[in-house]
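Given only the sequences and the hints, what does the whole structure look like? Please build it.
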Amino acid sequence: MNTPEQNAPVHTAGAAEESRPSLSALLLDPSFWADWASVVGLVGLVIVFGIAQPVFLSIANLQALLLAAAILVVLSIGQTFVVATAGIDLSLAAAVMLGAIILGLVNAAGWGIFAACVLAVLATSAVGLLNGVLITAGKIPDFVVTLGTLSGITGLGLILSGGEPTMVGSTFLLKLASGSFGPFGYPVWVAIAAVIVAHVALYHTRFGVHLLATGGQVESAGALGIRTNRVKIAAYTISGFCAGIASVLLVARIGSAEPLINTSLLLNSVAAVVLGGVSLFGGRASILGPAIGALMLTALVNGLTLLSVSAFYQPLAVGAIVVLAALIMRYQK
Amino acid sequence: MSAVHHIPSSEAILACEGLSKHFGGIRAFTDVAFQARLGEVTAVIGDNGAGKSTLIRCLVGVHVPDGGEIFFDGRPRPFANPDEARKAGIETVHQNLALIDELTVAQNLFLNREIVRRIGPIALLDRKAMREQARAMLSRLSINMPSVNQRVRRLSGGQRQAISICRAAGSGAKLVVMDEPTAALGVQETANVEALIRRLREQAVSVILVSHNFDQVRRLSDQIWVMRAGRMVATVRSSETTGNELVALVTGAA
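If you read the sequences in order, they're chains P and E. Per our numbering, the very first residue in the first sequence carries number 27; after that it's consecutive. Per our numbering, the very first residue in the second sequence carries number 4; after that it's consecutive.
Keep in mind the hints are simulated off the structure, nothing from the lab. Values in this document were obtained by computation on a predicted structure and should not be read as measured data. Yeah, the Cβ is synthetic: ideal placement off N, Cα and C, and Gly gets one too. Just so you know, not all the hints are guaranteed correct.
Derived pair list, reagent style DMTMM-like, types lysine to aspartate or glutamate, alpha-carbon separation capped at 25 Å [stated by the list, open to error]:
1. K90(E) - E183(E)
2. K177(E) - E72(E)
3. K90(E) - E43(E)
4. K177(E) - E20(E)
5. K165(P) - E87(E)
6. K90(E) - E245(P)
7. K90(E) - D129(E)
8. K165(P) - E243(E)
9. K177(E) - E135(E)
10. K90(E) - E20(E)
11. K165(P) - D86(E)
12. K131(E) - E20(E)
A short list of chain P residues far from chain E (calculated; beta carbon distances all over 12 Å) [what the hints assert, rightly or not]:
13. V72
14. I73
15. G211
16. G251
17. I252
18. R279
19. L286
Across the chosen pairs, the derived CB separations fall in these ranges [what the hints assert, rightly or not]:
20. N147(E) - A51(P): 21 to 29 Å
21. G189(E) - F210(P): 36 to 44 Å
22. Q89(P) - S145(E): 35 to 43 Å
23. A126(E) - T289(P): 34 to 42 Å
24. E14(E) - I166(P): 43 to 51 Å
25. G70(E) - K165(P): 22 to 30 Å
26. G76(P) - R156(E): 34 to 42 Å
See the structure below:
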């Protein structure tokens with residue numbers, strides 16, 4: 027996936043050798059559609075829903091849409107780091123649940139909401155760390171390890187919570203969920219901050235280059251002295267950290283810590299990554315792509331709801347779009 | 004001729020004694036003694052499967068040998084990983100493990116030695132500086148590259164090899180190790196690489212060269228080491244040998 031950020035230097039430096047392709051040539055080039063699938067999809071959905079149901083384009087609805095997308099955006103960023111190393115984190119949504127339960131229990135134990143949030147994020151980061159260590163030191167496929175931790179931490183969450191939801195009555199979380207600064211609610215700002223930090227980490231730090239190198243050709247990267255195991259462990263830990271942030275946003279949003287896994291969060295995080303043009307084989311990634319992919323999936327659900335389409339059709343629509351996106355990806359350069 | 008055992012001399016930049024390596028039941032090489040002298044081009048030749056590449060990988064830390072000792076700069080220096088070898092001043096151009104397809108030319112040239120700007124505790128990549136220096140590195144070796152922002156995936160085999168050599172040579176290493184550096188190159192690119200190896204030698208950089216090409220080895224190297232079936236069987240001065248003698252040593256007909 028080429029973000030504008032990535033393309034800019036190509037055009038300035040390569041201007042002498044290669045002229046900019048014409049617009050018509052660009053539109054006929056399948057790789058253009060592959061690189062911009064999530065943007066094209068989002069724009070398409072906005073136009074279709076805007077015409078079919080003008081309420082979709084109201085400021086209030088767009089703000090609600092962004093608010094609803096914030097959690098998925100944060101999770102998609104975590105998933106992106108893992109997928110960039112040619113891995114996958116299936117335990118993401120379970121980690122969100124564990125984080126929420128720990129937040130609720132620590133808060134209920136009277137430790138204060140700040141400590142509860144920090145411990146929740148630490149716990150989910152530890153889950154990510156465990157995933158990374160098992161995958162690299164244990165030499166077990168990522169799919170198996172994260173499937174195992176999915177089940178393991180689901181059980182742990184049920185044991186800790188006794189299967190009961192915990193109410194979290196905190197003014198801090200209430201403000202986080204409902205307050206806003208400027209045009210956006212706080213959760214949206216959290217997601218924007220996560221996008222910026224992740225983008226800088228991926229494109230402007232040594233870690234980012236080493237992450238893509240590890241995902242691209244792990245043996246070559248190792249031969250060049252990159253500690254590929256550490257890079258992978260870091261990627262899973264980042265994924266866990268993002269799950270922790272998402273769990274805080276989730277508890278703030280619903281006001282309680284539920285011992286339930288939202289499986290659509292997991293599937294949609296992978297879907298957003300695919301829509302964002304990140305290669306499931308690793309080595310190619312962007313942050314804006316999956317973030318826009320997450321927005322697109324949320325817009326899809328939001329628009330279908332406004333059009334009074336039964337909720338039963340939503341997973342069908344998400345599935346169709348993801349498979350379509352994956353097909354288009356084959357034309358990526 | 005057969006016994007090539009001697010104490011590594013003080014002028015050896017890299018040497019080994021009694022080195023052995025096997026993978027499971029398969030013996031890559033046994034009891035190998037070898038040395039590369041400071042400021043010289045040292046060639047290692049041998050037939051396919053003679054153990055050349057594995058020996059080189061052991062010397063630069065990719066594989067850990069099962070037995071024997073490695074000396075770098077006169078001191079025992081077993082390298083646990085390529086990073087340690089690199090920090091000590093050994094740069095390697097690997098036969099297959101060379102470039103990351105999805106990264107650009109400039110990113111590959113600076114992989115794991117990226118230029119960063121420090122802003123407080125945060126180190127950000129200086130991508131502009133890396134692009135500029137990448138262009139300078141390429142033009143210094145007359146490697147023709149349309150753009151340093153091109154992904155390596157889209158380059159030819161020759162261009163890829165040129166870039167990996169450029170990366171190894173461009174780091175101020177004491178010793179550059181090349182495994183079949185011109186195997187996939189065109190005529191012009193081969194000539195460029197040979198010129199580059201001579202230039203490195205002029206600048207007193209030591210080079211270890213693994214090659215099949217006996218003519219090239221005689222043109223470029225000062226000392227030639229011959230491996231056969233997992234053993235180091237001979238060493239000769241390049242100026243005192245002939246192509247026929249090398250063929251005989253490699254095949255065991257001598």
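Hints violated by the structure (listed by number, smallest first): Structure breaks hints 8, 12, 16, 17, 21 and 22.
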